[in-house]
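**Q** Each chain, written out:
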Amino acid sequence: MIWSAIFILSLGAYLFKIVGAIIGARRGKNKQIEAFLLLLPPALLSSLIALQTFELNGTLVLDARVFGVATGCIIAYCRRPFYEIVVFSALVTAVIRQFG
Amino acid sequence: MGQIIRNSILLGLAVGIFGLTFGVLATASGLTVAQSLAMSLFTFTGASQFAFVGLLGAGGGVTAALLSALLLAARNGLYAASIATLLPKSRFRKALAAQLVIDESTAMATAQKNPDASKRAFWATGLAIYLFWTLGTLLGALCGDLIGSPDAWGLDAAFPAGFVALLIPHLRNHAALVAALSGAVITVIAVPVLPIGVPVLFGVFGAVLGYWHGQRRRAGS
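One line per chain: the protein sequences are A and B, in this order.
Mind the numbering: the first sequence is residues 1 to 100 in my numbering, read in order.
Mind the numbering: the second sequence is residues 1001 to 1221 in my numbering, read in order.
Keep in mind the hints are simulated off the structure, nothing from the lab.
Reference listing, derived: stretches of chain A covered by chain B, where coverage requires no fewer than 3 residues with Cβ under 8 Å from a Cβ of chain B: (1) 20–31; (2) 50–56; (3) 60–66; (4) 88–94.
Note that this is a predicted model, so its numbers are computed, not measured.
Note that CB positions come from ideal geometry on N, CA and C, so glycine has one too.
So that you can see chain B by itself, here it is in the shape it has in the complex (with noise of 0.2 Å):
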């Protein structure tokens, strides 16, 4: 319980300091402190925002901005789909935890042992996130660069490696080996050739892959 609840609390940090970054890059890209903070709290899906004002700033349009955003959204769709089973039953519930499905929530969510643990970190990595996200973004937006870039702390490294350790669980049987290896395979190999935002969407076929793989096995065995 307690290392659960310490790990979001980590995760929320780090991804608040992004916040700022989010916050500093959407006011220079021209959107209000209002806007940019409606986006943490309605969009709240960071990656999507980020490409969103970067397009905004680099002077490509609304509506490549809108639709590379989209895009890299999507996902969010397929993860809570694969963790429905621990989201709450009743409507109103389900409805507020819907928000909170990001790739943070998910991965701390379906790294724990048991379904209890599994519900436990995808609330505490999701509010812990919901709140840090927001709370970077209004002082971004408000007080300009506070602490210089990200990636200077070398936190742009973190997430992937914070990533790696939650997928580590995952890996126990073929399916799963051969799903991740070669989701992460088509999605680099896509990367020069197909729009910001595709690419990570290609994972799926890493998953369809792992799922044939499975059945083979089960057949031969």
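One chain only, chain A, in its complex shape (with noise of 0.2 Å):
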């Protein structure tokens, strides 16, 4: 039963990201498709970015992550290096929820 869940699962997720590369490279020189499919990313990554910051178990929450991605965001507002936001973004959730 958990093997066959896994295949399926497995198949499931490979077919999405297969066919989409299949489909989103047959889109030819279609400026209108192409203008769509460049804004995906932003419009996935920033509900992937809301979620990830106020989601919980299907619920929404303010916690100690809150603050950690504020961090994150003032630091890569000023252009500071990657690992940075990333550290900093950690440490800060990690000791407000060890002190909080």
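Take the two lone chains, each set in its own frame, and fit them into one complex as the hints suggest.
**A** Printed below as a string of structure tokens:
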């Protein structure tokens, strides 16, 4: 039962990826499709950011993550290197969790 | 070049720690070590895997776990369509590259300034994460809880913060700004109402609104 579920999930997950890659490569020179496809990563990434910051088990919560992500945003705004954003957002979240 | 590799390895290591947690959770929810490892090797999309073992562990039943996990995996198809021109043309390599299309590899690839750098970033991030995610899963499944919860280290906030950094280069025009803002707002509104897995897909409506906004601006000017 578990093995079949893992098989179906793996197959399904891969089909999404490969079908997307094949269809996306056939878009030709259609500028409107191109314009729409270019908007998918920013739209989906910001959805993901919102979820990973405010969602917990299907509900909205405000917790230490918000401060960590806010710290990351400030560091990103200051054009600091990527690792500083990752490290300091984790650090701030961990410290607030420890003492909060 | 060096910077792309460094950032990829950093992301890979962070993902690897979540891999450890996945291995622990997967075995705790009743999967064998082989099943946990097979998921990381073949399913290879973290959010789906966590949802699957989480719902299984909570007694949600295999079908419910599978459906949620599949929904969460759907966005990779949208990513793949979006970055399709960066993927190899040969069928064999395209088939391999497709497996590496996930949040992190797409974000790193699309944050670069030119297509060559984007391709390098895609492969470097995809392969680093594949390696560390799989190794982490194996270690976690075999050895159990080595480092405690990644949450205690604040790592759950490191990912959205890292994605913010990778999102910023996208926000060069009004359409992308509208897409990003409305995608986030629509998703947040959807969280309390819709089942796990659905809200993140609602980000697509952000892209639709951004596209519509872009067309209107073009028509107006």
